[in-house]
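Undergrad: Given next are the chains, with one letter for each unit.
Number of protein chains: 2
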Amino acid sequence: MDTKDSAGSGFVGNVFDPNCPSRVVFARIGDKWASLVIQILADGPLRFSELRARVGVVTPKVLTQALRALERDGLLQRTVFAQVPPRVDYELTPLGATLLEPLAALRLWAEHNVSALLNARDAYDEARDAQILAP
Amino acid sequence: MDTKDSAGSGFVGNVFDPNCPSRVVFARIGDKWASLVIQILADGPLRFSELRARVGVVTPKVLTQALRALERDGLLQRTVFAQVPPRVDYELTPLGATLLEPLAALRLWAEHNVSALLNARDAYDEARDAQILAP
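First to last, the sequence lines map onto chains W and D. According to my numbering, the stretch in the first sequence is residues 1 to 135, in order. According to my numbering, the stretch in the second sequence is residues 1001 to 1135, in order.
Just so you know, these hints were derived from the structure itself, not from any lab. Heads up, some of the hints might be wrong.
[What the hints assert, rightly or not] SDA-like cross-link-like pairs, simulated, lysine to any residue; straight-line CA separation at most 20 Å:
id: 1; chain 1: D; residue 1: K1032; chain 2: W; residue 2: D17
id: 2; chain 1: W; residue 1: K32; chain 2: D; residue 2: E1091
id: 3; chain 1: D; residue 1: K1032; chain 2: W; residue 2: T59
id: 4; chain 1: W; residue 1: K32; chain 2: D; residue 2: R1028
id: 5; chain 1: D; residue 1: K1032; chain 2: W; residue 2: N19
id: 6; chain 1: D; residue 1: K1032; chain 2: W; residue 2: P18
id: 7; chain 1: D; residue 1: K1061; chain 2: D; residue 2: A1105
id: 8; chain 1: W; residue 1: K32; chain 2: W; residue 2: T79
id: 9; chain 1: D; residue 1: K1061; chain 2: D; residue 2: S1049
id: 10; chain 1: D; residue 1: K1032; chain 2: W; residue 2: R78
id: 11; chain 1: D; residue 1: K1032; chain 2: W; residue 2: L100
id: 12; chain 1: D; residue 1: K1032; chain 2: D; residue 2: K1061
id: 13; chain 1: D; residue 1: K1032; chain 2: W; residue 2: D129
id: 14; chain 1: W; residue 1: K32; chain 2: D; residue 2: N1019
id: 15; chain 1: W; residue 1: K32; chain 2: D; residue 2: L1100
id: 16; chain 1: W; residue 1: K32; chain 2: D; residue 2: A1105
id: 17; chain 1: W; residue 1: K32; chain 2: W; residue 2: V57
Just so you know, these numbers come straight off a predicted model, no measurement behind them.
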């Protein structure tokens, strides 16, 4: 990866520094709807209804909030077309598109390790229940 | 990446499927304390107090909850040493260690794009404020 930051200011953060703003970024992209939306928009712009159908179980209000936060952070572009009925498209900005590669690595990890993680969860809960129920 | 899942069950998830449990995994590793703790433990086991000092601004209660969730998911091992005063160490499990590579890619993105993201945020807020204040 290029060692120069994308804004050209020369500032590079450090997430291990408790005062570094890059932790805010980490929290932002850690949001589950945000990362899913970015990956769904990888293939091109979508309307709100198409996007919602691909995301699945999410209320319009929650999805709207996630989209607005992504737009505010410069990761997503919202375009309103003056037609009847009005059409609103969402697409990744060039900055948002740079997130696709690291997010894909995390997605592959999630998909390939979901069984191991759920098994560990069950084992943990069973051990805890056995402890509670022990005479 | 290996196409076989780590639990050996042959099950591979798909985060784009609204019913797939891998979305739960994504939400879990999306937690900001969780990903930070995993990266801090990259170099070896730490005690609670050492870990808390490295994490920075976090209450003991919130950090304890994050650690317990990571332990439950099989990503972190908690070891209690019977000594006075009792000593508790936290370290990554082999499963937890496999998360280091994808998390590092996301961290690099955060550190190198924090300026661009914060600039976008400021511009968005200024445009919104100007709209509200317009006569």
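Undergrad: For which of the previously enumerated hints does the structure constitute a violation, in increasing order of number?
TA: 2, 3, 7, 8, 10, 13
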